[in-house]
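Starting from the known structure of chain W, arrange chain H on it as the hints suggest.
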Amino acid sequence: MASELTLSVNGAKQVVSVAPDTPLLFVLRNELKLTGPRLGCGMAQCGACSVLLDGEEIRSCVTAVSDAVGKKITTIEGLPEIWAAQKGLNAADAANALHPVQQAWIDEQVPQCGYCQSGMMIVAVELLAKNPNPTVAQIKNAFTNKPPSPHLCRCGTYVAIIDAVQRAAKTMKA
Amino acid sequence: MSVKIETTIDAARGNDSSIPTAVIPTAVTRRGFVQMGGALFVSLALPAGFSACKKGVTTTGGGNQLDPSLLASWLEIRSDNTILARTGRAETGTGMSSYYAQAIAEELNVRPETISLILSDTDRTPDGGYSAGFLDGMANVRKVAAYTCQALLGLAATQFGLPVSSLSVVDGIVSGGGKSISYGQLVQGQHLDLKIPVTGKLAKVDASEGAGIAGLDGFVVAGDPPMKPVSQFKVMGTSYPVPGIPAKVTGKTQWSCDVNVPGMLHARMVRPATLGSTLISVGVLDKKQFPTAEIVGKGNLLAVVSPNEWEAIGAAQAVAGSTKWTEWAGLPGSENLTKTLRERQWGAPSESRGDATGMTTGLAGASKKISVSYEQPYVRHAPIGPFVAVADVRNDGNVMVWTHSSQAQGLRAQIANTLSVPMEKVVVRWLEHSGQYGRTTFGGDGAEGDAVILSKLTGKPVRVQWTLEEDMAWSSVSPGWVADLEAGLDARGRLIAVHTAEYAPHQQDCRLLGAILAGMPTCTSKPTTWVTEEWPYDKIPHVLRETHGMPNLAAESAGGGLRGNIMRTPGQRQQVFALEGLINEAAAAAKADPIQFRIEHTSEQRLIDILNATAKAAGWEPRHSPHSGARRTGTSPLTGRGVCVVFRNNAYWVGIAEVAVTPATGLVRATKFTIGADCGKIINPRQLDRCMKSGVVMGLSEALKEEVTFDKSQVTSTNWNSYKILTMAEVPEIKVVQISRDDKGFGGGSEAANAVVPQAVAAAIFDTTGVQPRRMPMKPECLTALLKGAAKA
Chain W
1 MASELTLSVN GAKQVVSVAP DTPLLFVLRN ELKLTGPRLG CGMAQCGACS VLLDGEEIRS
61 CVTAVSDAVG KKITTIEGLP EIWAAQKGLN AADAANALHP VQQAWIDEQV PQCGYCQSGM
121 MIVAVELLAK NPNPTVAQIK NAFTNKPPSP HLCRCGTYVA IIDAVQRAAK TMKA
Chain H
1 MSVKIETTID AARGNDSSIP TAVIPTAVTR RGFVQMGGAL FVSLALPAGF SACKKGVTTT
61 GGGNQLDPSL LASWLEIRSD NTILARTGRA ETGTGMSSYY AQAIAEELNV RPETISLILS
121 DTDRTPDGGY SAGFLDGMAN VRKVAAYTCQ ALLGLAATQF GLPVSSLSVV DGIVSGGGKS
181 ISYGQLVQGQ HLDLKIPVTG KLAKVDASEG AGIAGLDGFV VAGDPPMKPV SQFKVMGTSY
241 PVPGIPAKVT GKTQWSCDVN VPGMLHARMV RPATLGSTLI SVGVLDKKQF PTAEIVGKGN
301 LLAVVSPNEW EAIGAAQAVA GSTKWTEWAG LPGSENLTKT LRERQWGAPS ESRGDATGMT
361 TGLAGASKKI SVSYEQPYVR HAPIGPFVAV ADVRNDGNVM VWTHSSQAQG LRAQIANTLS
421 VPMEKVVVRW LEHSGQYGRT TFGGDGAEGD AVILSKLTGK PVRVQWTLEE DMAWSSVSPG
481 WVADLEAGLD ARGRLIAVHT AEYAPHQQDC RLLGAILAGM PTCTSKPTTW VTEEWPYDKI
541 PHVLRETHGM PNLAAESAGG GLRGNIMRTP GQRQQVFALE GLINEAAAAA KADPIQFRIE
601 HTSEQRLIDI LNATAKAAGW EPRHSPHSGA RRTGTSPLTG RGVCVVFRNN AYWVGIAEVA
661 VTPATGLVRA TKFTIGADCG KIINPRQLDR CMKSGVVMGL SEALKEEVTF DKSQVTSTNW
721 NSYKILTMAE VPEIKVVQIS RDDKGFGGGS EAANAVVPQA VAAAIFDTTG VQPRRMPMKP
781 ECLTALLKGA AKA
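These protein sequence lines map, in sequence, to chains W and H.
Residue 83 in my numbering sits at position 83 of the first sequence, and the numbers go up by one each step.
Residue 639 in my numbering sits at position 639 of the second sequence, and the numbers go up by one each step.
No lab work stands behind these hints: they were computed from the structure.
Careful, some of the hints might be misleading.
Said to hold, decoys possible - Computed footprint of chain W on chain H; a stretch qualifies when at least three of its residues, placed anywhere within it, have a C-beta under 8 angstroms from a C-beta of chain W:
1. 255 to 265
2. 430 to 441
3. 459 to 470
4. 514 to 526
5. 723 to 729
Each residue gets a CB set at the ideal place from its N, CA and C atoms; glycine is no exception.
Chain W extracted, bound-state conformation (with noise of 0.2 angstroms):
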């Protein structure tokens, strides 16, 4: 049964009625039209729906949005605050800036159909939040080899993430 649930999303408090089970991603999308987050797997194999916990990457396709009660959830609508947040932007360009990973996968022209990018933008600002400075070895580990899946890209898209993720560091970096 539903109840009422106070939740942190992207900087904002947001107030959801629904059942405390409920997989966060089905409340960021039906509830508050955060519509970044996919639905790819529902089993936490594939990362299309991957959101930021208190800067952990989590899946939200199987996580209960009573379990993100408390924590500030981040979706790639978010990005841009946080960025103008560390960088201590003002209002007007903040209003205008891009995460240096999203402006990254512009000029890297990573999308092809898309759908998993979201998440693997997700993965990419966990990654360069810890490791600023990351090796080709060190991304292909990030995006395959932590738990719990590989992060998946049906379309092949890999070579272009690589090349994305090391463009946002040089940004990130200056």
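Positioned in the frame of chain W, the structure of chain H alone reads:
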């Protein structure tokens, strides 16, 4: 997004597939003057008898900007110097939307940034057509732009009192005789029309066609407007970015899974227990636990709907648990696939190309003969996002469908056929979604059949979201394949005769699953298999190629069996693996370098050039395979290299694989892949680079990992643990070689990139071990068995 049902203007285009060729002069006519704005509308010249509008019909955004009752135009040149272009094709993820903008910009002499595109919506685009056939789609918009440029020059010439020949255009500004005027100024305050001649027809269900639908090419622009020579290109040939990418990376794209219509119900399907089961009894729905959920069904189509998606999911799982289905076990099991195909009496080939007598004579006179068989499993498109669709079937008979199908007009035809309503009652709107890799090319497969049937039954808009397991178990598949090949070499080690015979189940079944399960009308396709047209080795004197088709495995079952459908580089992907395997084996038999061997058997300079360029980039040392240190045992990895060629759609492809093989474990690791392509004039080098590299990833995935498994009742590879695809860590260094030519037209620049990989990998394994793998995927357990078998032999 509007939910108003848009009675389409397509009555004008007609359900009649016999629209004749319309060729009329392409002069601009003035329909009137307007106080605000102004535009030139470029639309199809419809033949007599087809009026452009239906009285009393209104559309929202469907027709032209100033007169929405008119047929959707190709182009609108607007007074603010912006351009709206429309094409019935979709963006399938390979960058076509940038190519369309580039082609239009090139012929109109405008900047591509001034062009916005409407793709694929059946009520807002004029032409239909295959998304996969983007070269045809691009040819259409390019010609439209060329016609339009001439018309605009004509307007400027009149205004300036100068001949057209004295005018020039840069960035949409026409200059001549010391004067200049922008396109926007030319149309300011006016409502102008330009009609473009077209041939062809829109999609329609037609049992006489291979895929069961006619008109999949859509309308084709006729005539020969003056077009810019390649040497003068300014926009085509540059790396113009794909217009939709910024919205995709910021979360602003509205995907087909995001469509949310007021009053919409979420549906989850309750699928039969096996591919051939029929319904015995519907399970129990606990209304206390799931108060808003309802069971909806027709025939073997069963679903649970609810306004709340999570409730629909829980209720569908509960109902599935107590629903009873008949038992069925009509599949052979994937481990018996080859045996099943081998045991079949195939009869006459569905297609045969070449010279049977010459081939027989050639083989009889050969000094050395090779006879080999190749096998491939069922594989599947396997997008990351499972099928999803929203449908709204209204009481007045109007049908609105939101889809990600790459063939919206074909889908529209199928839905009209399934619901037994006229085509003009159906509007299909397209949105981006996960890549489809060919499975929606004929306008079928997918959740749309489920959605329209459930919407009709409930009287409400319904969103059907398939699960991954459902998609992996029930969507169409690329069929398994066996090939028998023979080759004869002369005393000098040159091929003098080749015979290929290939056998495969159906690969053109695009029926909507929902319609099959509900027992409603579907299209009917032909289970034939075709011989790939392109043949790269013209110096082989005697060649006979034959293909044999058969219906789906378990076609007669309630669910239609394993529904075979085309997948990226269809048919040719499978034929290349076998044929290029034969070429590699023949080169080894002749103790010839595999690249030099290919060069000796072709007179096509483009192929020779791209072979040499790719070999150079790969650091290829000429020698024959296997290399001198090849071995079948040992726990340390050995490295080797192999090559494969594809000729498809006016493009030549070369793949050179380097792999490390550990004989004791059978583990194959791709260490480097060099891919070369000559696809005529390159439209967008960066997008081609991306497509080539990503194609290599998909090809390696097919070569090393992918296989649809099934038991006697159902598909068993239904998630990413049981249907494995390549991960980032497994991607090797990928080098790209591109040759652009100004004098060879345009060629297909994406599709074949996967097909050039598997045989290059197989040949590299042969190079390291001396044993040629003849079956995909080349998994460790298969390779160890192969190496052990070879060691015994």
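**Request:** Establish whether the coverage given for the region 430 to 441 of chain H by chain W is satisfied; the threshold is a Cβ-Cβ distance below 8 angstroms, and no fewer than three residues must meet it.
**Result:** Satisfied; 5 residues make the cut.
**8 angstroms C-beta test of the region 459 to 470 of chain H against chain W, three or more residues** = Satisfied; 3 residues make the cut.
**Request:** Given that the region 514 to 526 of chain H was listed as covered by chain W, double-check it with a C-beta distance under 8 angstroms for 3 or more residues.
**Result:** violated (count 0)
**Message:** Can you tell me if the region 723 to 729 of chain H counts as covered by chain W, using C-beta to C-beta distances under 8 angstroms and a minimum of three residues?
**Reply:** It holds: at least three residues are needed, and the region 723 to 729 of chain H offers 5 whose Cβ sits within less than 8 angstroms of chain W.
**Message:** Taking beta carbons only, do three or more residues of the region 255 to 265 of chain H come closer than 8 angstroms to chain W?
**Reply:** With 4 residues close enough to chain W, the hint holds.
In summary, the one numbered hint that this structure violates is 4.
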